[in-house]
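Q: What follows is each chain in one-letter form.
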Amino acid sequence: MSGNQLQPDEVLVRYLLGSLPDEEAEHLDELSIADDAFASRLSEAENDLVDAYIHNELSGETLELFRSVYLASPGKRQKVQFAKTLATLSVKEQRPEGRRKPISASATRWSLAAMAAAAALSLIWLAQDDVRLRNQTSRVEAAKAAIERRAQDLGQELDRLKQAGAGGPQPSAEATPLTTLAVLLGPPTRGPGRIPVVTMPAHTGAVAFELQLEANDFPSYRAALRASGADRTVWQSGDLKAHASGGRSAISATAPASLLTPGNYVLEVSGIGPETEPIGIYAFRVTGQ
Amino acid sequence: MGDAMRAGAPEGRSQEQLAFRRFLEWLDEGADSGGQRYLEIHRRLAAYFGRKNCLSPDSLADEALSRVARRLEEEGAIRGMAPARYCYVIARFVFLEYHRQARPRHVTLADLPDGSPQPDEDAAAQALRQDCLERCLRKLDENNRELILEYYRGERHEKIERRRRLAGRLGVTLNALSIRACRIRDRLEGCVRTCFGKRANEGFRDFRIIE
Chain F
46 MSGNQLQPDE VLVRYLLGSL PDEEAEHLDE LSIADDAFAS RLSEAENDLV DAYIHNELSG
106 ETLELFRSVY LASPGKRQKV QFAKTLATLS VKEQRPEGRR KPISASATRW SLAAMAAAAA
166 LSLIWLAQDD VRLRNQTSRV EAAKAAIERR AQDLGQELDR LKQAGAGGPQ PSAEATPLTT
226 LAVLLGPPTR GPGRIPVVTM PAHTGAVAFE LQLEANDFPS YRAALRASGA DRTVWQSGDL
286 KAHASGGRSA ISATAPASLL TPGNYVLEVS GIGPETEPIG IYAFRVTGQ
Chain C
4 MGDAMRAGAP EGRSQEQLAF RRFLEWLDEG ADSGGQRYLE IHRRLAAYFG RKNCLSPDSL
64 ADEALSRVAR RLEEEGAIRG MAPARYCYVI ARFVFLEYHR QARPRHVTLA DLPDGSPQPD
124 EDAAAQALRQ DCLERCLRKL DENNRELILE YYRGERHEKI ERRRRLAGRL GVTLNALSIR
184 ACRIRDRLEG CVRTCFGKRA NEGFRDFRII E
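Protein chains in written order, with the numbering used here: chain F, 46 to 334; chain C, 4 to 214.
Any given hint might turn out to be false.
Claimed, not checked - The calculated BS3-like cross-link candidates involving lysine-lysine, where the alpha carbons are at most 27 Å apart (straight line), are:
| hint | chain 1 | residue 1 | chain 2 | residue 2 |
| --- | --- | --- | --- | --- |
| 1 | C | K201 | C | K142 |
| 2 | C | K201 | F | K137 |
| 3 | C | K142 | F | K137 |
| 4 | C | K162 | F | K137 |
| 5 | F | K129 | C | K162 |
| 6 | C | K162 | C | K55 |
| 7 | C | K55 | F | K137 |
| 8 | C | K162 | C | K142 |
| 9 | C | K142 | F | K286 |
| 10 | C | K55 | F | K129 |
Unchecked claim - Taking CB as the label site, the calculated pair distances span:
| hint | chain 1 | residue 1 | chain 2 | residue 2 | range |
| --- | --- | --- | --- | --- | --- |
| 11 | F | G292 | C | A127 | 41 to 47 Å |
| 12 | F | P307 | C | A85 | 21 to 27 Å |
| 13 | C | E145 | F | A117 | 28 to 34 Å |
| 14 | F | A117 | C | V92 | 26 to 32 Å |
| 15 | C | A85 | F | S104 | 38 to 44 Å |
| 16 | F | S104 | C | D144 | 52 to 58 Å |
| 17 | F | S104 | C | R167 | 35 to 41 Å |
| 18 | F | H248 | C | Q104 | 26 to 32 Å |
| 19 | C | G37 | F | S64 | 36 to 42 Å |
| 20 | F | I317 | C | Q129 | 40 to 46 Å |
| 21 | C | R74 | F | S64 | 20 to 26 Å |
| 22 | F | A117 | C | A85 | 30 to 36 Å |
| 23 | F | P307 | C | Q104 | 27 to 33 Å |
No wet-lab data here; the hints were simulated from the structure. Note that the Cβ used here is the ideal one computed from N, Cα and C, for glycine as well.
Bound conformation, chain C alone (with noise of 0.2 Å):
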């Protein structure tokens, strides 16, 4: 949630607590996600301004939802739209108006794409992604720790081969094999995302690569 839903003095707290439950539940429609809605348009939104090569994505999604939330807080009801579909108009003058304000930014030649592939990361940079990836795998139920890593192993024919396979095995089309695999992966994602820019906020105190 934004920080203007989180901030307030204490004795507020209770409000702003009732009001993000009745904003989560507007977004639900009627089903409880347990919060799996919000995160999920969070992530729509966030992807839609990477698209539009904003610089903050995430910040921005905040802002989209917290202007959401203070207009169904405001009004009490949102109607004639979808709340996804709404959310998406909000964001897109979020994006109207980041457009409008960005100023011109001074480059150097090194930061523009040259079209030559990406430098890798370093070592380190790989190995605390690595663990990560391995931190959240753990979190992950078994089913869909080996599904997420058997659909991804191989190359080309081998990996075709592989996941007409694993499909088998489950019962279930390559194409809802995929979905599912997708939607693992989606969550990893996140996961390693959080994990990595937390650790390599904190300096990776608990992290040593062992040559």
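Chain F on its own, in the form it takes in the complex (with noise of 0.2 Å):
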């Protein structure tokens, strides 16, 4: 399994704070140290739950829970004052332009009148948010009609490499041509969501993923298939190079689909440069016709 896309921050929460019955626990004792994305996403999920404690964010059982529970570690506490003492540094070291004057009277006004301001910018920036989700989503539509279009240039390559008898063995007279399941999967989200689902159709030959990146910040990047919870990788790419999608980066990989028998599977993503590093997992689901 892989934490990143399949635990939700609640559950990630009551982990940490020892509220999960003992499999589940267990389960996740053992994805906190051998998967690395679930790793990174139980750091990133407690720090946040201490930063809520120290801003006083928490409340009810969970609050209980960590007076009661976390608190009782030392090397929780340690963790505790620590994030208490980068609350306090962060907020002295503030850049000067950010400091603020003293308020007088007459810069009250000015500031209700720049919090009116700021409400309106607000609507206006709703607005715009909404106008943008509607051409991200024709963006989507667009990438995935070019995406439809390269698979479809891919499997006419494939049958034109099997008619020249490019190396291979020439098909029988009776085989179906295998095809090219062209699969768009968006930047990988935190918290709880929708795992994909690729339906794979008979006579599939390849797979061509077109993974969406968050950001593109490396020159290259190279992708690693492996089933849900299992150690092996079974495939990977070659380096990729970014190109446009959409309105957004994303890089194409093409696996074999002889790869993808029903089950869950991750992709995952490092970013090439001076330090390798992952950079995202796409999850999905893979069921058969």
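Dock chain to chain to rebuild the complex, using the hints, since each chain is given by itself in its own frame.
A: Below is the structure:
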């Protein structure tokens, strides 16, 4: 399982506060060490939890458990102290342009006016955001069409290669030509989300993945495919360059369909640069037709 | 690395160094992380033992990694399991042994968590921790220093808005920004822990609170 995609924040918080059933906790224990994406997500969730505590944003059972369980450990108390120190220093080290002068009565009036203006701007921003979302949807549709065209091209190229007998066995007269399935996966998101389902038609020869990136920060990328929860990488791409797709950056990788039997999978994408680092986990489920 | 790897007669040292290098290579799985992978797995193991309420999570993480390294040295290779997963399996054994050996301790009522917030550190410890944080921040490059301070500035809505602006300035999504900030924070936290522990043990020799 890729913890990054499949574990909602609430489960992580319960795990951190020791309130998950043993069996579930044991599974997460393993992921916390063996699964890079989960370990990273857990670390973020713990920082968020500690920050919420120091800013008095916890309540009810979560607050009770935080006090009685989390703070019982000296190591965890150190984490809390670190978070407080970091928060204090962040304010202290504020850049000069961010520092505020003492507020006078006239300044308060100006502040109120500014707040009203900010509220108006927020409304405009929300309206623009709605337009942006609509535009984004059209861009995704355009990208999908482009991928489908590309998949068709790839399929035709595959047919041409087969007809030319390019080093491979000739298909028998009854054999159905293999097709390429195009799959568009959006950038990974935090927290719970639906796993995209890829329905694999019969006679699919290859799956062309279009993986949208959150940001294009690296000169090239690599994608590795593995079954969810398994250690073994079953397929790895070569170096991939990002290209524009539906208004975002994306990489394309084509994997043999024979590797994708029904089940859950993850494509782990790493950025290749001076330092290679994992940048995203794309989880998906494959079902047969 | 655990004591088992560090100890030994001088003539055995080069062999131990060689074994340690092989262990690091095995953990890296072909990519040269320059020891970062080892530190990351150690951090994860210590966090695991910490979540299990073990008294010295760092020592137990050392112990688990020492056992893995010894097994690798004895067997020459560990197959059929990814290194990180193998470390978990060994860590689980270490934990079970720890749990079996742990004797019930006598605790006073004052030691028990009573559901009330823990008292803050005293002023000297707070000042020392802040000094350590400032030192550790200076070790970061300027971009990361700015990022981490800006990321944690403010509260609630203000903080969210700051983060949105920061992500916009850096041209990344909020998700990518939070991953980056988390990595810097973890590194910073490790640095502060080491600095604080070391200087607290030294009795704050070079540290004075200036009123």
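Q: Hint by hint, say whether it matches the structure.
A: Status of each hint after checking the structure:
1. K201(C) to K142(C): holds, 17 Å
2. K201(C) to K137(F): holds, 25 Å
3. K142(C) to K137(F): Given that 27 Å is the threshold and the Cα spacing comes to 18 Å, the pair holds.
4. K162(C) to K137(F): Holds, at roughly 15 Å.
5. K129(F) to K162(C): The hint holds at about 15 Å.
6. K162(C) to K55(C): Roughly 32 Å separates the two Cα atoms, so the pair is violated.
7. K55(C) to K137(F): violated, 36 Å
8. K162(C) to K142(C): holds, 25 Å
9. K142(C) to K286(F): Given pair K142(C), K286(F) is violated - Cα atoms ~33 Å apart, limit 27 Å.
10. K55(C) to K129(F): Roughly 24 Å separates the two Cα atoms, so the pair holds.
11. G292(F) to A127(C): 41 to 47 Å: For A127(C) against G292(F), whose Cβ atoms are near 55 Å apart, the range 41 to 47 Å is violated.
12. P307(F) to A85(C): 21 to 27 Å: holds, 24 Å
13. E145(C) to A117(F): 28 to 34 Å: About 39 Å separates the Cβ atoms of E145(C) and A117(F), which means 28 to 34 Å is violated.
14. A117(F) to V92(C): 26 to 32 Å: Roughly 27 Å apart at Cβ, these two residues keep to the hinted range, so it holds.
15. A85(C) to S104(F): 38 to 44 Å: holds, 40 Å
16. S104(F) to D144(C): 52 to 58 Å: violated, 38 Å
17. S104(F) to R167(C): 35 to 41 Å: violated, 25 Å
18. H248(F) to Q104(C): 26 to 32 Å: Since H248(F) and Q104(C) have Cβ atoms about 60 Å apart, the given range 26 to 32 Å is violated.
19. G37(C) to S64(F): 36 to 42 Å: Once the Cβ atoms are compared, 38 Å apart, the range 36 to 42 Å for S64(F) and G37(C) holds.
20. I317(F) to Q129(C): 40 to 46 Å: About 43 Å separates the Cβ atoms of I317(F) and Q129(C), which means 40 to 46 Å holds.
21. R74(C) to S64(F): 20 to 26 Å: violated, 34 Å
22. A117(F) to A85(C): 30 to 36 Å: holds, 33 Å
23. P307(F) to Q104(C): 27 to 33 Å: At 46 Å between Cβs, range violated.
In the structure shown, a violation is registered for the earlier hints numbered 6, 7, 9, 11, 13, 16, 17, 18, 21, 23, in ascending order.
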